[in-house]
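For the record, the sequence lines run as chains A and B.
The first sequence begins at 4 in our numbering and counts up one residue at a time.
The second sequence begins at 1307 in our numbering and counts up one residue at a time.
These are computed hints drawn from the structure, not numbers from a lab.
Take the hints with a grain of salt, since some may be wrong.
[What the hints assert, rightly or not] Coverage of chain A stretches by chain B, computed from C-beta distances (three or more under 8 angstroms per stretch; other residues unrestricted):
1. 35-43
2. 50-57
3. 121-131
[What the hints assert, rightly or not] EDC-like, lysine to aspartate or glutamate: derived pairs with alpha carbons at most 16 angstroms apart:
4. A:Lys86 x A:Glu33
5. A:Lys131 x B:Glu1466
6. B:Lys1499 x B:Glu1456
7. A:Lys44 x A:Asp88
8. B:Lys1531 x B:Asp1496
9. B:Lys1423 x A:Asp32
10. B:Lys1561 x B:Glu1449
11. A:Lys131 x B:Asp1535
12. B:Lys1499 x B:Asp1377
13. B:Lys1423 x A:Asp88
14. B:Lys1373 x B:Glu1456
15. A:Lys131 x B:Glu1385
[To be verified] Partial list, derived from the structure: chain A residues whose beta carbon lies under 10 angstroms from chain B:
16. Val29
17. Thr93
18. Ser96
19. Thr98
20. Met102
21. Arg103
Small disclaimer: the values here were computed from a predicted structure and weren't measured.
Ideal Cβ placement from N, Cα and C applies to all residues, glycine included.
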Amino acid sequence: MKKVLGCLFGAMVLIAAPVFAHHSAVMFDENKEITVKGTVKDFQYTNPHSWLLVDVKNADGSVTTWGFEAEGPSTLTRAGIRKSDFMPGTELSITGHPMRDGRPAASWIKATRGDGKDFDPRNGFAIK
Amino acid sequence: MTCRMSVAILAALVALAGTATAQPTAAQAPSPEKQKMTQLGIDQKTAVGLYNYLKQKANGGQPLTWKTVPDWTGVWTREANPFFWDPDQTSTTSMPTAKLTPPFEKRLREKLDAVNKGIEFDPLSNCEPAGMPRWMVEPFLREWVVTPKETYLVNEMQNEMRRVYTDGRDHPSAADAYPLWEGDSIGFWDGDKLVIHTAQMRAGQYQRIQPYYTEQVETVEIWHKTAADTMSVDIWSYDPPALAEPWYTKQVYKKLSNPDNSLRIRYWDCGENQNNAITKTEEGSSDFTHFTFTDKAEKK
């Protein structure tokens, strides 16, 4: 039971904390989460960080491009996220810790693609 | 998700909430084995003294041949929390396990105070190398390439590769020595263990919320593959201005499952994507320089 609780605690922390091993994450507000729905504009699968750019339609009909930052390709690969998973035009719902200054960017926590498949970039630090 | 995975993720994440560092408390008492290894470092007084002691114990070591090269192949990563130098540190609310000199403890506490206030900048943000000894704890992919006269220890992050000369050469003379990102490493083989002495390193920090080290830092390492998927490294850091006594820790790296060979080390270049540019703010913290995906009006 203790072991199971330990695992659950690990999963809870996974949801709560931001992950940035290359630069500080102080520009993101780890106490807030934002979720947007939109379509993939570009998946910049680059070192040291990747950016998933998502076009989000606003209430007035205009479009804002949001950027969601994650670790680089090898860590995303370890999390089971490949460049081909988010081709331009892919519909998704994506959640992250937003920027403190209100710019349209966030640290990527999780995403659910239009076909229902879930992605968690922070699984990339798991050892398996 | 297995428990092992959960624990590994937990370890990776707890300290990543660097802003959550409360006033740090003293570290827990070390294990008997750790005390023994620490005492060995103290008894030998210097890194050179410890290295020579280990070499003498190994009767000078044994030359490696292509027939006796160990199989250290595969893609590896460090097992512990990437933001703690010592895997025995388990919380951001405890101090690192090093016995620091008063000036360096003061510097560390000042840094942790700033982090608590949300002020943090890592020189690595713009692809400066981590350098040794910090190289040991970065959390990305690694490869070990062993040849009879030289071993290459590769870290994906910042494309950093250490070269360990095992052909019997010594370090450059003191007159010709100068600080290097990875230092200068020489070593010998004691059976299937690689013993390394590294000197000539640049000043830096063991990690973002860890102590600082000076250009006088030297390390002694014993690398030993203890299981098919486990590389164990005993490491002592000597740094008289910063450390009141040698800092002994055991670092563990795990071989990753890679059945489809999708895990590959790729080159790191902070200029590859403009959205990765980080600025040090006036108050000493971190911010993105600009985004190329926002409208012009939204760019800083």
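Checked hints:
no.: 1; hint: 35-43; verdict: violated (count 0)
no.: 2; hint: 50-57; verdict: holds (count 5)
no.: 3; hint: 121-131; verdict: holds (count 6)
no.: 4; hint: A:Lys86 x A:Glu33; verdict: violated, 26 angstroms
no.: 5; hint: A:Lys131 x B:Glu1466; verdict: violated, 24 angstroms
no.: 6; hint: B:Lys1499 x B:Glu1456; verdict: holds, 14 angstroms
no.: 7; hint: A:Lys44 x A:Asp88; verdict: holds, 13 angstroms
no.: 8; hint: B:Lys1531 x B:Asp1496; verdict: holds, 13 angstroms
no.: 9; hint: B:Lys1423 x A:Asp32; verdict: holds, 13 angstroms
no.: 10; hint: B:Lys1561 x B:Glu1449; verdict: holds, 9 angstroms
no.: 11; hint: A:Lys131 x B:Asp1535; verdict: holds, 10 angstroms
no.: 12; hint: B:Lys1499 x B:Asp1377; verdict: holds, 12 angstroms
no.: 13; hint: B:Lys1423 x A:Asp88; verdict: violated, 38 angstroms
no.: 14; hint: B:Lys1373 x B:Glu1456; verdict: holds, 15 angstroms
no.: 15; hint: A:Lys131 x B:Glu1385; verdict: holds, 10 angstroms
no.: 16; hint: Val29; verdict: holds, 5 angstroms
no.: 17; hint: Thr93; verdict: violated, 16 angstroms
no.: 18; hint: Ser96; verdict: violated, 19 angstroms
no.: 19; hint: Thr98; verdict: violated, 16 angstroms
no.: 20; hint: Met102; verdict: holds, 8 angstroms
no.: 21; hint: Arg103; verdict: holds, 9 angstroms
Going through the hint list in order, the structure does not satisfy hints 1, 4, 5, 13, 17, 18 and 19.
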